[in-house]
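Chemist: Could you fit the two chains together into a complex? Lean on the hints.
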Amino acid sequence: MTAASTSAPPSTLPGLGAVRAILSTLVALARNPSGAIGLFGVTFFVLVAFVGPTFVPIDTKAKLDKIYQLPSAEYLLGTDYQGRDVFSQIVHGGRDIIIVASTTALITTTIAVTLGALAGFLGGWFDSVVLAIADIILTIPQFPLLLVLATFVRLNNIVLLGVLLAALGWPALMRAIRSQVLSLRQRDYVEAARCLDLGTGHIVFRQILPSMSGYIAISFTLGMINAIFLQVGLIFLGLVPLSGNNWGVMLQLAWVRGAIFYKNALAYILAPVVAISLLQLSLIMLARSLEEIFNPRLRQGA
Amino acid sequence: MVAASPTLAKPADARASLFEGWRALADNYVARRIGKAVLTIWAVATMTFFLVRLMPGNPVEQFIGQLIAQYQLPYAEARDQAASLFAIDLDQPVYLQYFSFLGKLAQGDLGTSIKSQGVKVTSIIVAFLPWTLFCVGISLFISFGLGIILGALMAYWRGSVLDYSLTTFGSLLHSIPNYLIAMILIIFLGVRWELLPVVKMRGSMSPGIQPGFTLVFVLDVLFHAALPILTYVVTTVGTWMLTMKASTTATLEEDYVNFARAKGLTDGRIRTAYVGRNAILPLFTQLTLSIGFVFGGSVLIESIFVYRGIGTILVSAVSGRDYPVMQGCFLITTASVVFANLLADLLYGYVDPRVRVGQ
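Residue numbers (this note's numbering), protein chains in the order written: chain A, -8 to 293; chain B, 59 to 417.
No lab work stands behind these hints, which were simulated from the structure alone.
Yeah, the Cβ is synthetic: ideal placement off N, Cα and C, and Gly gets one too.
Wrong hints could be hidden among the right ones.
As the list claims (entries may be wrong) - Short derived list, chain A residues pointing at chain B, Cβ under 7 Å:
{"no.": "1", "residue": "F112"}
{"no.": "2", "residue": "G115"}
{"no.": "3", "residue": "F134"}
{"no.": "4", "residue": "L138"}
To be verified - Output of the computed footprint for chain A on chain B, the stretches with three or more beta carbons under 8 Å from beta carbons of chain A:
{"no.": "5", "segment": "98 to 108"}
{"no.": "6", "segment": "231 to 241"}
{"no.": "7", "segment": "333 to 344"}
{"no.": "8", "segment": "348 to 356"}
{"no.": "9", "segment": "384 to 397"}
Isolated chain B (complex conformation) (with noise of 0.2 Å):
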């Protein structure tokens, strides 16, 4: 009888403490983040499967027509194929195929290209994408640094000349869509003038270079980048300018800046620490929304520039109907954006402890 009572406990224990742990993790700013994460890719996985294979003429059964038509093939045979290209079973049930699919997505399988087959999905990615992060990262990079400086001088020195002239250009700058900087950029910098080898600047580095950490293939790199770069950064600046300096004017005023002043603190410390620090908070918060919006620009600055990252290879793929290309470069796009938000985030929840706790 006594021995017995401890036995019973133990099962709603357990479930007890099961639950502890899932209220735990579900409090957890990091764990909830990363499942956010998850399940964002996790939908766009979901629609884009739906959207190739159930749509009404999707382009499964496009392509096993076309096939058809093409080499009088009989139907099985393109049947096959085309599943071969589109790494999914055909005979099989839509939920396993669902399930399969998601299975090979987790394995990094996204089938075969259309167009140039036989090429792995998987290996154009491998080769296209790490230009267009490289591209964007040092963008996003130059331009949060240089708007947080440049924000916080407008405010330190409100109503002199270089506010006027930031906040005038901020907000030009701002209104007009990049891939419209991106062609002025090359009207005039490059045809009109003169001034920069437009057309040899295309493509991600020169023929005849050998990838590696030498001086000369990191200039030519950065020598094909710099137009996009220049672009990002010039049409994303402003927005980060005007935010920090709205912000620091805003902290600025806060009571403890105040009390540090009347401390005597210097002048020094008190705009970092006090100020910059907590003006920039803001910032983060922007930070999310401007990733995936550089990244969705890049599709279009990429193919102005024909500069050679992942989003000219969507273009194209798009324009020519090749589809496991296409929903690859999409959904490799996407997973970079909500991994560089996922980053963005957890590194908001260092800078400011408050969002770690959750409201």
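Isolated chain A, as found in the complex (with noise of 0.2 Å):
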């Protein structure tokens, strides 16, 4: 059904067209078992990293008479190494790491696309030279060049983070993008609108592109993954000097202060690490039950 409503080319009303096929979606999202709980986990998440530090106060205040305290009703999830409440960093930390990884997501989704659908439309000269850029930027193993990277930019400011890990995640998402136009360029609506000459830019971002709507939401879901993958792993090298709360920055005080030899500082460690495990847990299963809906004949394969 969905499959159906978002192939075909733009109605008459687009914005209503778009708020039908988001809503469909939704709806088979939560009739799909892993889509229902990737999608319940990503709400969870923006809900309590953006809602959450409204009735959650951060605890900053070192108590050094409560260090490592095993978690209970006070303390829901244990002390961490000056005392400070575990639990409300948990609670404040996601808003970063989610607004990095959708900074970079939008971008690299925005770069992918474009450059992807014009690549696969115009094909030639265009088509080579951006398939050679993406080839080399994909050969070049991204973690060490975000290291010697972050050398030279100081990443402290999560909106330049995140263009940066953006700058280098279009490549795997323009190719998926480029191949899909490659095969909608042959079909008849396209045709026929090349037939009445209306132009690149209407045929690539008014005709092709919506019917891609799909592939373009997956795109995003698997572009917020990887930023979240990189993103994490700099700040827990401690490459990423980003002051306040948040998930990477807890890992990597905990693990520096070596917490983990620590026996009651068990659920201190284990905290950021399971959420953002759920967090990458629950993107995923959304990518996936996407494509599942995207991509009927996966249904009868899975």
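Modeler: What follows is the structure in structure tokens.
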């Protein structure tokens, strides 16, 4: 159902059509068990990260008599090496991670979709150049490159970090979009638009891309997953001087302070690990069920 | 008159054959792949050169300033010292510096470390790169092989307990970042349950062990590499397994498999020669991406396990701002990935002759 409604050319009321497509996608997601879990998980983490802080005040006061407390009613997840409440740090720590991830995903998807669609549609030298650049970026190991770049660019700005991650993240998605466009280019409605001489911009962005909204949604989710992986890794190595609370910083501090060797600190060090893993897991389940929804052939195979 | 015509025809002929030769080279799969690899390494080397040399407040200038402030050296002397450490001649125009940088790179000269003065970057790389190559190589080999076998089994026994448990296991491990898995391994295996002496397992070999082809040495190396290898395998095997399962399932429905069955070929022959060989193909295209990912991720894994490979050196060079070492480590990591990709692609061309012809 969804696949059919999204692969049709845009209706006369694009706003209404988009809303209907999003709603029907959400309904399909809720019907798919892993999609429902993924959707629930992502919504949960976004709510906790953005609404939670108003209910749970951050605990920044060092309490030397309360170092590495076990989880209790007062400290749900115990306390850290300075006696601060871990639970409040977890609630506050997701915001930066999610903001960087969505910024990255947004920019990644924009670059990937624009370049991929144009490269697939135009072909010729533009296609070759974009593919060659993508190939080179794909080959360079991302993590070492980010390490090197981190010595030249101060990555203390969330948006800047997102831009940098996106500059390295677009090639894989671009290739997927490009191959989609290559096959869509042969469709009758694109042929018809060409015969009407509607112009490249119109054909690519108004005729081809709307039928790929499913792909774009998947790309966005995959972009977020990759961004979280790289971002937390960079923070963990202490290369992103982000101030304040975030799960990556928690992880780094817990590791550097040797919290793993304290018996009572298990909840403290596992809290960010579990939070990051669950967020990643929800995103991956979401991406996978989106793939199933938009690519019905997968449903039979699974 | 008659003698003149062949001499006139000759240059055109030569040009034509040169052109033909070029065309043949450009059409040749192997030549094209090698060309791409060289181009990538060149692009990365160029990028690092300009980052190190031309960025405002670049490391060379920073280092000169540092020398002046620290040792009260006159500017000229500080400049000379910086130039020799970075292996560039600062008096030349930038484009000449660039060419001499490329020339030295081709000869394997990457300059000298700033932090441990007098130590050649090349010798640092020679000392630490093999450990990473060993670890990453073994892990890729194990997880690729294991993934193929398990994935094929999952496809043959679809819906079985094995299929369900491995699918869940694979997608679960696939979604947890590998450095978190590494931390979980240390926390539980090492500290909580005290099953493994994680502190003793640090480094790439125990002190006092003589390198050589002795059992003691090999066991010791494996002892130290065990946790990184386990982490790499556990985090990558899921992807291979699931890809192999999907691809085997698709291949099983091909007409030629039905035909082979109708001919009365044995199951074993169908599974290996008909299904297996074709089902592996999509995995080879993923191999290229995976090599870069695992090699790049080794930076984190090695830091967590304190394994003395090129990743650890890169991290310490980055945090100590030892630019020549950092540049060298980054270049050699990229070069290794490019080279591994080249091998994977050539192997792919051998396994699937269709790609050699090119679309």
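Chemist: Hints numbered earlier in the text: which of these fail when held up against the supplied structure?
Modeler: Result: hints 1, 2 and 7 break, sorted rising.
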